[in-house]
Amino acid sequence: MSTFVLLAVTGLGLAALYFLVASGLSLIFGLMGVLNFAHGAFLTIGAYGTWWAAENLPGAGDGGWSFVYAVVFGVAVGTLVAALVELLLIRPLYERHIEQVLVTVGLSLALVALVRAIWGSDPRPFPRPAWTQRTTSLLGAQVPNDRFLLVATAVLVLVAVLVFLRTTRVGLVIRAGVENRSMVTALGIDVRKAFTLVFAVGGAFAALAGALGGVYLGSISPGQGTSLLIFAFIVVVIGGMSSITGTAAAAVLVGLVQQFANYYAASGVGDLSVVLLLAVVLLARPGGLTARVA
Amino acid sequence: MSGATAAGRGDVLLRMSDVHVRLSGSHILQGVDLAVRQGGVTALLGRNGAGKTTTVKAALGLVPSTGLVELTGADGRVHRLSGRRTHEVVRLGVGYAPEDREVFGGLTVAENLALAERRGSAHHHDRVFELFPELRTRGRQLAGTLSGGQQQMVAIARLLLNDNRLLLVDEPTKGLAPLLVAEVAEVLARAAEEVTILLVEQNLTVVRRLATDAVVVDQGRVAWSGSAPDLLADADRTRELLGVAPSGGHAA
Amino acid sequence: MRGDGGVRGLRPGRFAPLVVLVVLALLPYSTLQVPGLFDGVLNSPGTLQLLALCLVFGGVALSYDLLFGFTGLLSFGHALYFAAGTYVANLALTELGWGLGPALLLTSAVGIALPLLVGGVALRVSGIAFSMVTLATAQVGSILVLQDPGGLTGGEEGLAVARDPIPDALVGVFNTVNKYWLALAYLALVYLVVTWVTNSRAGHVWQAIRENERRVEVLGLRPYGFKLLVFVLAGLLAAFGGVVHLLLLGGSTPRVTTADFTLGLLVMVVLGGAGSRWGAVLGGVLYTYLDSRLTDLAASPAVQDLPAWLRVPLSEPLFLLGTLFVLVVFFVPGGIAGLVSRLRERRGGRARPAGDGTPPPGRVVEQLRDAAGRGAGVGAGAGRPHDGT
Ligand SMILES: Nc1ncnc2c1ncn2[C@@H]1O[C@H](COP(=O)(O)OP(=O)(O)O)[C@@H](O)[C@H]1O
Ligand SMILES: [Mg+2]
Chain Y
1 MSTFVLLAVT GLGLAALYFL VASGLSLIFG LMGVLNFAHG AFLTIGAYGT
51 WWAAENLPGA GDGGWSFVYA VVFGVAVGTL VAALVELLLI RPLYERHIEQ
101 VLVTVGLSLA LVALVRAIWG SDPRPFPRPA WTQRTTSLLG AQVPNDRFLL
151 VATAVLVLVA VLVFLRTTRV GLVIRAGVEN RSMVTALGID VRKAFTLVFA
201 VGGAFAALAG ALGGVYLGSI SPGQGTSLLI FAFIVVVIGG MSSITGTAAA
251 AVLVGLVQQF ANYYAASGVG DLSVVLLLAV VLLARPGGLT ARVA
Chain S
295 MSGATAAGRG DVLLRMSDVH VRLSGSHILQ GVDLAVRQGG VTALLGRNGA
345 GKTTTVKAAL GLVPSTGLVE LTGADGRVHR LSGRRTHEVV RLGVGYAPED
395 REVFGGLTVA ENLALAERRG SAHHHDRVFE LFPELRTRGR QLAGTLSGGQ
445 QQMVAIARLL LNDNRLLLVD EPTKGLAPLL VAEVAEVLAR AAEEVTILLV
495 EQNLTVVRRL ATDAVVVDQG RVAWSGSAPD LLADADRTRE LLGVAPSGGH
545 AA
Chain C
547 MRGDGGVRGL RPGRFAPLVV LVVLALLPYS TLQVPGLFDG VLNSPGTLQL
597 LALCLVFGGV ALSYDLLFGF TGLLSFGHAL YFAAGTYVAN LALTELGWGL
647 GPALLLTSAV GIALPLLVGG VALRVSGIAF SMVTLATAQV GSILVLQDPG
697 GLTGGEEGLA VARDPIPDAL VGVFNTVNKY WLALAYLALV YLVVTWVTNS
747 RAGHVWQAIR ENERRVEVLG LRPYGFKLLV FVLAGLLAAF GGVVHLLLLG
797 GSTPRVTTAD FTLGLLVMVV LGGAGSRWGA VLGGVLYTYL DSRLTDLAAS
847 PAVQDLPAWL RVPLSEPLFL LGTLFVLVVF FVPGGIAGLV SRLRERRGGR
897 ARPAGDGTPP PGRVVEQLRD AAGRGAGVGA GAGRPHDGT
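Residue numbers (our numbering), protein chains in the order written: chain Y, 1 to 294; chain S, 295 to 546; chain C, 547 to 935.
Hints are computed from structural coordinates only; laboratory data are not their basis.
Among these hints, one or two may not hold up.
As the list claims (entries may be wrong) - Straight line, CA to CA, 20 Å or less: simulated DMTMM-like cross-link-like pairs of lysine to aspartate or glutamate:
#1 S:LYS468 <-> S:GLU480
#2 Y:LYS193 <-> S:GLU382
#3 Y:LYS193 <-> S:GLU411
#4 Y:LYS193 <-> Y:GLU95
#5 S:LYS468 <-> S:GLU411
Turn these sequences into a full structure, and let the hints guide you.
Set out below in structure tokens:
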């Protein structure tokens, strides 16, 4: 029983990371039709930004609020990079989706290589608050606290995004734009502003995932983002390509399947079953799990 | 407002000159020339696939085009629409109801209307709800669950919500039951008292009822333009241009 | 493109590939020193090895172009078939102790069966969903190799190939020239096959699928079968590339299983010119050359002595290649082949197809853009953008 609980919570923690990465991907894809390969790089930037801040910024560090401060810095850098990427590289290629994908491919290679050039390719130990390493007993299982941190953050982000999408005018524009971009412009709305916003917010979530992934794994390396990105893509597709709630459900599904199969079958089987899951879902329901945005 | 002479009835409100559209390798509009006079209803006619929808989209900048599109502003100034982004064109006072209504099925009726509220324009909810009281009562219903006729009401409500100078309405009666066709025609007739309309319409009874002018496109070019009653009075020519004869009857 | 009549045989462009082939075949007899471009003389083992690698990737890039440039299928999993080629052949030689012939047969069988299986599933969806399924299935290959099941694949270390079953002529530094010729033969084979199939009826259907898949359906053809055919053919050609790569390097490395490897192929093709045969080959050659030379450059004193803000980015070939790629997408649509055909058009004053009789390169990405814009590219997924509907 306790193993089961530990696996479930750990799977949910993994799901939280997937959700943070995939939610931005799916909003970007839904609204702009862009498959953003640079998203993994945003994650890497967030992770290294947090790490750098904890090492170098006065007041930032690995305990309590000083860690929060470091994370805020990392997320801010990730957000800024994402917004600049949209404004400078994606926007000029408006509606030219293949070229936009190609540009994000080039960026993903270049940005990760740049991080590797600056900080090397070896993993770096990541600063993490001591309490994340302690455990809390839950239903007889000793669950490391970082799992709760991951899940709580993801739930918070999910709720915030849903409230934003459902109650604000920009949220309305985004929901409508996911459904039919050109009709939104035909109502006199400059949908490109929403593009920049979605890119920046997606970048922020990815950067946050980078920082939390650092806490979870204890170390960061430049290639981390790319490997997470592939599973995030799978989550996005299973979740229906452009739906936040669908993405959340798919993230939970993928996280749990992966965790349990890796434990009960053999290491690696979990990853394989996720791919199998993707094939099954796509063949049974080519539209993914859900069809609604929020 | 400057002292420029305001455009009066009969002046050209929208002009398209030598407009070409190419999409995925096909040359779809091959030099469209047309003018929409201020204050009337200009019917844009033609067989299926002639290029009517594409003409409207080109005016809005929804498809890439070459050539010149101009709109006369409220102050009499001529705005060049070519090269502008769609939302900029719309903000000059151009309303658009697309061929397949394109209401946002995942949003509620109220959200659809809220989204259509344009910056820099008054929002005439009263006018809309007076014409379509149903939209008030169904405010919380998802637009995707509405009937075709109700969706068309939402689409037209989006047009009438803002102050517009020109409405581009693409086949508003397509697929509607006869009673609804008459209702839509009635609403457009009332709207036409205040605003200029470019109306794509296959139903010649509706055209007869509303249109003052007519432009016929064929294979991406304007094949005929002139007064709508003249066109409809000439059964042979109508059959030649549109492939259908105008019925003798009057609008319902 | 076949209509340009009897004079086509006389165009020098028709013979260009043959001339290039002869020059490349004779190149190992040259002791030319090309300072700057290569470290040693042309027929030194080091230079030949690099050139051979370039040729292999020219061929693999061309096999990828068959999918992406000629048919409009954006696969993110081409690495899987290349990796299958190198690992299956390696296992057959090393584990099973088979000879090169039987190993090649087994690799061919896998090289057909694997893309048949994956394509059979992936091609049921289109657009982005297709890309994702290919990406995910290739990830399976990558995971499998890294997991090192039963110690078969060697995990991160890679897998050295047993020497004994391989003909002596293909083993060792002294035989680099033979490996070079093998790589050249592979490239020539891929070029021939691609030339032949793209000019066949299937090739015309592929082109039509790229331009407008719905129109193909309207004509009463089933795009699925044609797409599966090109997917399998491209996979098989990539698997052969994997075998040549194995013989060239004397082992298999897990690096060739990763998504980054496929992205590298995409970069090669776009760099050279999607939808152009010689463009894709040139892209593959250039990318491989730059990747190798930039790595050497990074380690050279000239770069090591630079100030940090210059040295750091210069030390990562992928940073430079990624940046170059972004610049090409922005400023050189159609890649090198597109550039050349535009220059030719300008000089000739008359539009003419690119040297190899395919649609003008550079138009390809535009056409794909239109296709995606119609929403046809996006899978049956919900919430698809309705551009301009
Ligand atoms: N995105 C597109 N790509 C290719 N062809 C198109 C596209 N949109 C419309 N067409 C073609 O352009 C022609 C004109 O279409 P349209 O303007 O919708 O005609 P109408 O509204 O008069 O029925 C048709 O033959 C149609 O098939
Ligand atoms: Mg139409």
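For each hint, the structure was consulted:
no., hint, result
1, S:LYS468 <-> S:GLU480, "holds, 15 Å"
2, Y:LYS193 <-> S:GLU382, "holds, 14 Å"
3, Y:LYS193 <-> S:GLU411, "holds, 17 Å"
4, Y:LYS193 <-> Y:GLU95, "holds, 14 Å"
5, S:LYS468 <-> S:GLU411, "violated, 25 Å"
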